[in-house]
Structures are given as C-alpha cells and as structure tokens.
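Novice: Positions in the sequence shown are counted from 1; adding 92 to them yields the working numbering.
Take these hints with a grain of salt, some might be off.
The list that follows gives simulated cross-link-like pairs (lysine-lysine, DSSO-like), each with its CA atoms no further than 30 angstroms apart [claimed, not checked]:
1. Lys376 / Lys702
2. Lys720 / Lys702
3. Lys435 / Lys342
4. Lys720 / Lys376
5. Lys517 / Lys775
6. Lys555 / Lys517
7. Lys716 / Lys376
8. Lys502 / Lys702
9. Lys548 / Lys342
10. Lys555 / Lys568
11. Lys381 / Lys720
12. Lys502 / Lys517
13. Lys568 / Lys502
Each pair of labels, with its calculated beta carbon distance range [unchecked claim]:
14. Gly354 / Arg481: 34 to 44 angstroms
15. Asp344 / Pro531: 27 to 37 angstroms
16. Leu222 / His796: 24 to 34 angstroms
17. Leu347 / Lys716: 53 to 63 angstroms
In case anyone wonders, no lab produced these hints; they're calculated from the structure. In this text, all values refer to a predicted model and were calculated from it rather than measured experimentally. Ideal Cβ placement from N, Cα and C applies to all residues, glycine included.
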Amino acid sequence: MANKTSMDALETGMHENGNFYVGVKLNIDQFSVGDPETFIEEMNIFINDIARENNNELTGAIIIQGAIMGFQIISIFITILYVALSIPVIILSIYLLNFGLEMSLEERRRGIAIRKVQGANSRQIFGELLSETITLLLVGTAIGYIAGIISAWLISSATGYMMISVDIRTLLDFVYFDWTALLVPLGFTSLLIMVQIYKKGRNFIKSEVTEGVVRREMKKVQFIKRTYLDFVFFAIGVIGLVIVVLQRLKVDINLSALAEVGIFLLTPFLFWIGGSSVGSRLTKWLPLKLQASFLNLRVFRDVKRIIKSGLKRRGDVDRLALIIILTLSIAALATIQGTTEEKHAQRDLEWQVGADWQVNFQTAGDHNSNISAITGFEESISLNGVGVRVLTLDIPVFAIENSQELMNLKEGNPVLFWQEDNFDKFTAQEALQQLEDTPNGIFIYSAYANYLDLAKGGTFDIKVPVQSSTSGEFYKIENITVLGTLNQFPGSIQGYSLTSETLLRQILALNLNESIDALATGVLNSTRYYVRTTDGAEMSADQIAATQIAVEEMDDIRNDRSFYYELEKLNSAAQGYGISGLLSMDFVISLLASLISAFAFSAIIMEKRKHEFAILRSIGAKKKHIYKLALGENALMMLTASIWGIFLGIGIAQLFNGVFMFVSMISGTFSSIERLVVIPILKLVIISAVTFLGMLGATVVSIHSAANQDIAVGIKEI
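Please model the entire structure based on the sequences and the hints provided.
Specialist: This is the structure:
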C-alpha cells in the first residue's frame with residue numbers, strides 16, 4: 093500500500109532500532125475499501141488486535157492513511173465541481189418541468205370544463221389532477237433513478253469527450269440502492285411540483301388561465317429585468333471575462349487574492365445568469381431592428397404585415413428564448429471544454445515526451461551512433477545543460493543543436509514538438525533564429541525573469557562555477573542579452589533557460605576549466621536525445637514494440653519514452669475523474685432539453701392561437717400562410733437566441749477554464765502547463781444550426797393542428 097522507496101526506508105529504520113520487518117498481504121474483501129473512513133477504522137482495529145495477540149510486541153503503521161486523506165479532499169472538490177456543472181442542467185430541468193405542467197393544464201382545459209359541467213367542484217378536479225401527478229412523479233423518479241445509475245456508469249467509462257469505452261461487467265459496481273440518491277431528488281421534485289400544482293393548478297381550475305394569472309407570473313419571472321440586475325450581473329461577468337482573456341495574453345494585471353477568487357468562482361455564474369436574461373431582451377429587440385430586411389425576403393412578402401405586427405406584440409417569447417440560450421450555452425461550454433480536455437491531454441503528453449521518441453542515458457557521451465543504428469529512427473537532436481549564477485540566483489541553462497532544428501522548422505519537419513506558448517511573443521522558429529543571430533543571447537525562464545527583473549533587450553552578467561574548484565572559483569561572462577522569456581521546453585522541461593549553442597559551449601568550457609577553443613566545435617556529450625522517427629504517427633504497434641526492444645538493448649540506457657505508444661494508452665484510459673463523461677452528458681441533455689422545450693412551448697403557444705389562425709383562414713389565408721406566419725415570427729427570435737447562447741457558452745468556457753485546469757492538476761492526469769482553451773468553431777456552428785433547425789421543425793409540427801383545424805369550430809372556440 094505504499095511505494096517501494098517508502099517501504100525500504102521503513103524497513104531500514106526498523107532494523108536500526110533492533111526490530112524486524114514483515115510484509116503482509118491483506119485480503120481486501122474483508123475491509124470496506126469503498127469507504128475510506130471506515131477502512132481506516134477497520135485497519136486500526138486490525139492492527140490493535142494483532143498487537144494484543146502478540147503481547148504488544150508488534151506495532152503497525154497505516155502508511156496509506158495520508159494518501160486516503162488527500163484522496164478525500166480531492167473527492168470533495170470533485171463533488172463540488174460536479175454539482176456546479178450540474179446546476180445549469182438542474183435549472184433547465186426546472187424550466188422544462190414548469191413547461192410540462194403548463195402544457196398538461198392547457199391540454200386538460202376542455203376536459204376540466206366538461207368535468208365542471210358534469211358537476212365536479214374545484215376540490216374534486218384538483219384531487220384528480222394531484223393523483224395523476226403523484227403517479228407520474230413516482231414512475232418518473234423510478235425511471236430517473238435507473239437512468240442515474242446508467243449515467244454514473246457511462247460517465248466513469250468516458251475516455252474522452254463524447255467517447256465512452258463501455259464494459260458491461262463494470263455496470264454491476266454501480267447497481268446498489270442509496271436512500272440519499274433517491275430521496276433528495278424525489279423530495280426536491282415533489283416540493284416543486286406540489287407548489288406549482290397548488291399555485292397554477294388551483295388558479296387554472298378556478299379561472300381557466302385568466303390574464304391576471306399570466307401577468308402575475310410574468311412579473312415574477314421579470315424581477316431581475318425590472319430591477320436591471322441582469323445588466324449588472326452581465327457587466328461584472330464581462331469584466332471578469334476580459335481580465336481572464338488579458339491574463340491569457342500575458343498582460344500583467346495586479347489583482348488581490350480576493351479578486352482572483354471572485355473571478356474564479358463567481359463571475360462565471362454572474363456572466364451566465366445575467367447574460368441569459370440580457371439575451372432574452374435581445375431576442376425581442378434585435379428582430380424589430382432587422383425586420384425590414386428580413387420581411388423583404390420573397391418567401392415572407394405575402395404575410396409581411398401580419399408578421400410585423402406579431403414581432404411587436406409577442407410577449408410570450410421570453411421564456412422560450414431563455415431556454416434556448418441556456419441550453420446552447422451549456423452545449424457550447426461542454427463542447428469547448430470537452431475539446432479542450434482532449435487537446436490538453438495530447439498537448440501535455442507532447443510536452444512531456446518532446447518528440448516522437450525521447451531517449452535518456454545513464455552517463456553523458458556521444459550516443460549518436462547508437463541511436464542512428466536503430467531501425468526507424470530518422471534524426472536526433474541532443475540536449476545539453478549546466479548551472480550558472482545570476483545575481484543571487486542559481487539557474488540551469490541548456491541548449492540544443494540550434495542550427496539543425498532551425499533548418500528543420502523552416503522545412504516544416506521539426507524533431508521537437510514545439511507549442512505555441514513555449515516562448516512569450518515568439519514562435520519556435522523566430523526564437524531559434526534570434527539565438528542564431530545573437531550568439532550571446534538567452535531566453536530566460538519566465539519566473540526567473542520576473543524575480544530578477546530582467547526584461548527583453550536588457551543585459552546581465554553570469555558567473556560560471558569551475559567544476560574542479562574546491563574554493564568556489566568561478567569565471568564571469570558579461571553582457572548576456574535577454575532575447576525573451578521561455579515558459580516551458582519540450583521534454584517536460586521547466587525552470588531552465590535556453591541559450592545559443594555557441595554560448596553554452598563557452599559556459600561548458602569555463603565550467604570544465606578548459607580553453608574555449610577546445611569545445612568550440614565537435615559533438616557535445618549528452619544524456620538526452622530527441623528523436624524523429626521515419627513513420628511518425630504511422631508507426632504500427634508492432635513497429636513500436638520492436639523499436640522499444642532495440643532501444644532498451646542499447647548500452648548505458650536509462651529509460652525511453654515513445655509518444656505514439658503513450659498516446660494510444662492515453663486515448664484508451666479513463667481520465668480526470670469522469671469530467672469528460674460529465675461534459676458529454678451535459679451536452680446531450682442540453683440539446684435534448686432545447687428540442688423538448690421548443691416542442692412543448694410551441695404546442696402551448698399554438699394551442700392558444702388557434703382562434704386567431706381560424707379567423708385568418710376565414711378571411712382568405714391559406715394553410716401555407718399560417719405556416720409562414722409562425723415560422724416568420726419565430727425564425728429571427730430563435731436565430732438571435734441561438735447565436736447569443738453560443739456566445740455565452742464561449743465566455744463561460746473561458747471563465748471556467750481555471751476550474752478545469754485545477755481539476756487536471758489535482759487529479760494527477762495532467763501537468764501544470766497552461767490549459768489553452770480550444771474553440772471548435774465548426775462544431776459550434778453545427779450545434780447552433782441543428783438546434784435552430786430543430787426548433788423550426790418543432791414550430792412546424794406544433795402549427796400543423798392549428799393550420800388544419802375546422803374553421804367554424806376554431807372561430808367559435810374562445
């Protein structure tokens with residue numbers, strides 16, 4: 093239960109104290125390994141029982157206890173993150189529940205009227221309605237609990253965004269009864285339904301949805317708008333978003349710890365809540381501004397005046413627009429962060445390995461001949477480094493075969509996996525060209541540059557310690573030019589500064605107390621080599637395995653890493669505590685919610701407008717005019733809501749990026765290199781288009797009944 097180093101240290105310490113060490117393999121079936129706290133208690137009891145049976149001459153230590161405490165802390169944070177990511181979906185569920193209740197009542201309007209004619213009073217009708225609702229609630233809860241078990245299984249099986257490696261055998265691990273998981277959602281949903289049924293159901297039964305009820309409900313929904321809190325929330329969110337983007341662009345912004353926490357935790361929700369409300373305003377205002385151009389389209393000319401009137405008077409679009417914005421913002425967030433998760437995993441692996449293959453030797457030397465003898469190895473570049481002193485700070489510096497890699501970059505076939513943020517404000521090719529043009533230059537590690545207050549274009553002196561000196565002797569090299577700053581270097585290298593090959597040869601010569609001319613030319617001894625393979629990503633599994641065997645058979649080899657071998661393992665392994673799976677679930681649920689709400693809300697609206705459509709039909713309007721009318725009124729509003737929802741999703745993804753970065757770090761899945769947000773434009777356009785077309789389809793389906801109704805019946809029905 094501990095690593096070998098810690099166990100060896102424990103055994104050594106016990107021997108020094110005249111004791112002996114016994115390794116014991118436990119039968120984990122006898123312990124509650126699924127509950128960390130209970131497991132620790134059981135282990136303490138187990139150790140005490142052993143001590144009592146051996147007259148207290150045996151003692152034990154639970155080495156894993158510290159790791160379990162760390163795991164519990166991580167689990168708490170992950171749980172909080174799960175809840176935070178689920179909040180938008182929960183709110184969507186509440187909206188859809190309200191829509192479902194309203195639609196159900198609307199569909200029951202005629203039946204309720206008939207029951208009143210038959211002599212039923214309001215209490216009897218309400219009881220019938222409540223009984224039906226409770227039955228549906230219990231059935232829905234049971235289905236939801238089963239769906240929750242399956243969802244947890246699928247989330248934990250995720251190997252990436254929208255990628256799930258299903259093993260049906262693991263499903264049994266999730267099949268158990270949990271009272272908390274059942275009662276919490278049941279209690280919350282029951283309370284919400286009872287409140288809504290009591291308020292809306294009773295009023296509906298008594299007044300059949302009078303205008304007074306509608307006005308009171310609208311005032312409650314519009315509270316944030318009436319107080320203009322949505323603009324305040326959105327403005328604060330935008331400020332946080334601007335700060336995050338500027339920090340991403342390396343703009344120096346001094347913020348207090350409290351401000352950082354506020355941006356980290358609060359601004360995403362303020363941006364989301366305020367932006368959604370502002371967006372619902374926009375969906376009413378923008379179509380009015382664009383109506384002249386939109387209604388001049390040939391397809392709408394014959395119903396232009398009616399649509400224009402509808403755009404001005406429709407006050408029922410707010411809730412549908414809000415649903416569209418919420419769902420698309422969640423879908424965009426899930427898509428962006430899901431894509432970013434995948435790209436960050438691969439980017440991190442690229443940084444760790446540094447090239448197609450990384451080979452490390454025990455001792456420094458000229459290993460080029462051994463590497464070039466490996467079948468499939470095309471070209472290699474060595475890395476060399478040494479420590480120097482700058483002012484009060486000891487810093488490591490290194491160099492690569494600069495001219496060779498610069499030529500590779502110009503030809504578009506580099507050996508190293510360069511990334512966009514290796515250097516501040518320089519591409520890899522520009523940085524290596526700077527080193528080629530300025531042999532006395534250096535790209536200093538960004539943290540050291542800030543600590544030593546060294547800016548681009550400045551100069552400083554370095555002290556080179558003499559390796560063989562016992563009295564701290566050193567040589568001094570003056571006027572080293574700062575060419576820029578280095579964030580990280582391929583091969584899992586952080587904290588180093590990159591010099592030109594010429595300058596490093598001079599430093600090494602002084603360090604070895606040799607003449608500079610002695611190391612001015614020739615191959616430098618090295619322990620690390622980056623290798624480009626002949627086939628690259630096209631290497632088969634058999635080729636990789638054969639190459640690994642050949643590398644491991646080389647003399648003096650320490651270790652090696654194959655990028656494409658590790659990439660295959662990365663792509664097939666579950667990562668990040670199921671975050672990718674949760675994002676996938678959020679995406680699917682949000683899109684389904686948008687389509688369901690579009691159908692539900694359209695059905696309610698079209699049911700209310702049957703009388704209006706019947707009058708239009710009676711004065712000469714054809715069925716196609718009714719379809720055009722409904723589509724014309726909804727198209728601009730839905731398009732505006734779709735675009736705004738995607739915009740909000742992009743902003744929220746930027747604001748939440750720090751949270752996902754923190755999860756990556758504490759989960760041990762990825763390193764501490766910066767998580768760069770990837771915005772998949774094509775995917776977002778497709779999502780927006782599919783949602784928009786789906787909502788138009790919902791409108792067409794909902795209008796079908798109203799367009800085909802009997803005109804005489806429709807005119808009589810009020």
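Novice: None of the hints should be skipped; say for each whether it holds.
Specialist: Taking the hints in turn, this is what the structure says about them:
1. Our distance criterion of 30 angstroms between C-alpha atoms is met by Lys376 and Lys702, whose separation comes to about 23 angstroms.
2. For the given pair, Lys720 sits about 15 angstroms from Lys702 by alpha-carbon distance, which is consistent with the 30 angstroms threshold.
3. Distance check on the hinted pair: Lys435 and Lys342 sit about 21 angstroms apart at the alpha-carbon level, within 30 angstroms; holds.
4. With a CA separation close to 19 angstroms, the supplied pair Lys720 and Lys376 stays within the 30 angstroms bound.
5. Of the pairs offered as hints, the one joining Lys517 and Lys775 holds, with about 29 angstroms between alpha carbons and a cut-off of 30 angstroms not exceeded.
6. Distance hint between Lys555 and Lys517 is fulfilled; the C-alpha atoms sit about 28 angstroms from each other, no more than 30 angstroms.
7. A distance of roughly 25 angstroms separates the Cα atoms of Lys716 and Lys376; the hinted pair therefore holds under the 30 angstroms criterion.
8. Our distance criterion of 30 angstroms between C-alpha atoms is broken by Lys502 and Lys702, whose separation comes to about 69 angstroms.
9. For the hint pairing Lys548 with Lys342, the CA-to-CA distance comes to about 14 angstroms; that is within 30 angstroms, so the pair holds.
10. Between Lys555 and Lys568, the direct Cα distance comes to roughly 5 angstroms. Compliance with the 30 angstroms bound is thereby established for this hinted pair.
11. With a C-alpha separation of about 20 angstroms, the suggested pairing of Lys381 with Lys720 holds against the 30 angstroms cut-off.
12. With a C-alpha separation of about 18 angstroms, the suggested pair Lys502 and Lys517 falls inside the 30 angstroms cut-off, and the hint holds.
13. For the hint linking Lys568 to Lys502, the alpha-carbon distance of about 35 angstroms lies beyond 30 angstroms, and the restraint is violated.
14. Between Gly354 and Arg481 the CB atoms are about 40 angstroms apart, so this pair conforms to the stated range of 34 to 44 angstroms.
15. In this structure, Asp344 and Pro531 meet the distance hint of 27 to 37 angstroms, their C-beta atoms being roughly 30 angstroms apart.
16. The beta-carbon spacing between Leu222 and His796, approximately 32 angstroms, falls within the hinted interval of 24 to 34 angstroms.
17. Distance hint check for Leu347 and Lys716: the Cβ-Cβ separation is about 59 angstroms, which falls inside the suggested range of 53 to 63 angstroms.
When the structure is compared with the earlier hints, violations turn up for hints 8 and 13 and for no others.
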